[in-house]
Amino acid sequence: MIGLLKRDLTLAIRAGGGFGLSLAFFLIFATLVPLGVGPQTTILSDIAPGILWLGALLACLLSLDRIFQLDWEDGTLDLIATSPVPLEGLAAMKAFAHWITTGLPLVLVSPVLALLLNLPEGGFLWLIASLGLGTPALSAIGTFGAALTVGIKRGGLLLSLLVLPLYVPTLIFGALCVLRGAQGQDALTPLLLVGGITLGSLAILPFAAAAALRVNLR
Amino acid sequence: MNLRVTDLACARGPAQILAGVSFAVAPGQALILRGPNGAGKTTLLRTLAGLTPPIAGRIEAEPDAIAYASHADGLKSQLTVEENLRFWAGVFGTRDSAPAIAAFHLGPLLDRRAGEMSAGQKRRLSLARLLVSGRAVWCLDEPTVSLDAENVARFAAAVTAHLSKGGSAVIATHIDLGLPDATTFDIAPFVAKQIRADDPFADSFAGDAP
Chain A
1 MIGLLKRDLT LAIRAGGGFG LSLAFFLIFA TLVPLGVGPQ TTILSDIAPG
51 ILWLGALLAC LLSLDRIFQL DWEDGTLDLI ATSPVPLEGL AAMKAFAHWI
101 TTGLPLVLVS PVLALLLNLP EGGFLWLIAS LGLGTPALSA IGTFGAALTV
151 GIKRGGLLLS LLVLPLYVPT LIFGALCVLR GAQGQDALTP LLLVGGITLG
201 SLAILPFAAA AALRVNLR
Chain B
1001 MNLRVTDLAC ARGPAQILAG VSFAVAPGQA LILRGPNGAG KTTLLRTLAG
1051 LTPPIAGRIE AEPDAIAYAS HADGLKSQLT VEENLRFWAG VFGTRDSAPA
1101 IAAFHLGPLL DRRAGEMSAG QKRRLSLARL LVSGRAVWCL DEPTVSLDAE
1151 NVARFAAAVT AHLSKGGSAV IATHIDLGLP DATTFDIAPF VAKQIRADDP
1201 FADSFAGDAP
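Those protein sequences? They're chains A and B, same order as listed.
For the first sequence, the residue numbers in the numbering used here are 1 to 218.
For the second sequence, the residue numbers in the numbering used here are 1001 to 1210.
Treat the hints as calculated values from the structure; they're not laboratory data.
It is possible that some hints are incorrect.
[Claimed, not checked] Derived DSS-like pairs: lysine-lysine, alpha-carbon spacing no greater than 30 angstroms straight-line:
{"#": "1", "chain 1": "A", "residue 1": "K153", "chain 2": "B", "residue 2": "K1193"}
{"#": "2", "chain 1": "A", "residue 1": "K153", "chain 2": "A", "residue 2": "K6"}
{"#": "3", "chain 1": "B", "residue 1": "K1122", "chain 2": "B", "residue 2": "K1165"}
{"#": "4", "chain 1": "B", "residue 1": "K1193", "chain 2": "A", "residue 2": "K6"}
{"#": "5", "chain 1": "B", "residue 1": "K1122", "chain 2": "A", "residue 2": "K153"}
Okay, chain A solo, but in the shape it has when bound (with noise of 0.2 angstroms):
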């Protein structure tokens, strides 16, 4: 199984855009919301949170129908399904590979965006904090939309529309939490919330993903 993380990982660098994609989407994001709003400091420190966790969410969403989409086409993801690794073993190493290339990044550039935003100085270790536990569910989540609509052709806008909804605890909670901690309140309770979302995608999802697969691969 670490040999399919390992793959993942080497085919996102090989290929470009694996870890670019969704990078270069959360930088222009936030960098043209400056733009849109106006640049009154004190408009943008009140909404940077929440366009925060809102640019990471769709950056995380635009990679999504990659994950299991190529191998389904070349015919991987049949080989790997009559080999000894488990599909549940498959989708969490993909989810972990998704989040390798994609929320790991996002978690790493956010403090830079943060300051083009002008988040107040308290929320800058909320914010880490909160993508960084955050982040994974959305993986996580994906993953199962994916496995969901593989072998969809053009299965980007079904996959959308089904994880979408998942995704809204999610964003609240986090949001909540920078914007919280933003303004010098406690964010402890919402960021418990966002690790309590995290663990229990992990737990679940991987199973139904491969459930979802199976199906999928009749």
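Place chain B on chain A using the hints.
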């Protein structure tokens, strides 16, 4: 007996394709599946490989005995030949890919990326994976597509070597591979196409069924 199939009925999506298929493959034996295009050879092989659950009947084989090779090569075009093989060796828990490289003459291509190879070269790499899998029963779907005569002979030699070690093979093909002890199995008499009665969505698909 490496593989025994009893009264098997297979389906693809909402449609039943084959019914009443029974055969047995002994160690050292190859079974050649014949049948016109669309008869259900691929469906039968996918069912044997465990990708599609059978509607009825039984498939008896050792657990994890079947290696499946489909129409698609299942290669990553950004990885080299060696990396592709090493990945599959890791997945199947085997370490030695040297026999596979030798059997399909992949030595000169090891550092080439799969995306830069011809269709026949990709097919050779895809077939080499069977040797890396270390499994006893090969289920092959048109394995010789886009191979030239020389490489068809290499493939036949690899299958013969596999059989002589007590392995067996079920091969859907339209050409004569010249294998010893090969039994031909025509699936045409078992074709029984109908919409599955137990499918709750059967009605919605009834319009476009063959």
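Each hint tested on the structure:
1. Between A/K153 and B/K1193 the alpha-carbon distance is near 26 angstroms, which keeps this suggested pair within the 30 angstroms criterion.
2. Between the alpha carbons of A/K153 and A/K6 the distance comes to roughly 27 angstroms, so the proposed pair stays at or under 30 angstroms and holds.
3. Proposed proximity of B/K1122 and B/K1165 is supported: the alpha carbons are some 26 angstroms apart, at most 30 angstroms.
4. Pair hint B/K1193 plus A/K6 does not hold up; C-alpha atoms about 43 angstroms apart against a cutoff of 30 angstroms.
5. Distance hint between B/K1122 and A/K153 is fulfilled; the C-alpha atoms sit about 25 angstroms from each other, no more than 30 angstroms.
Of the numbered hints listed earlier, the single one contradicted by the structure is hint 4.
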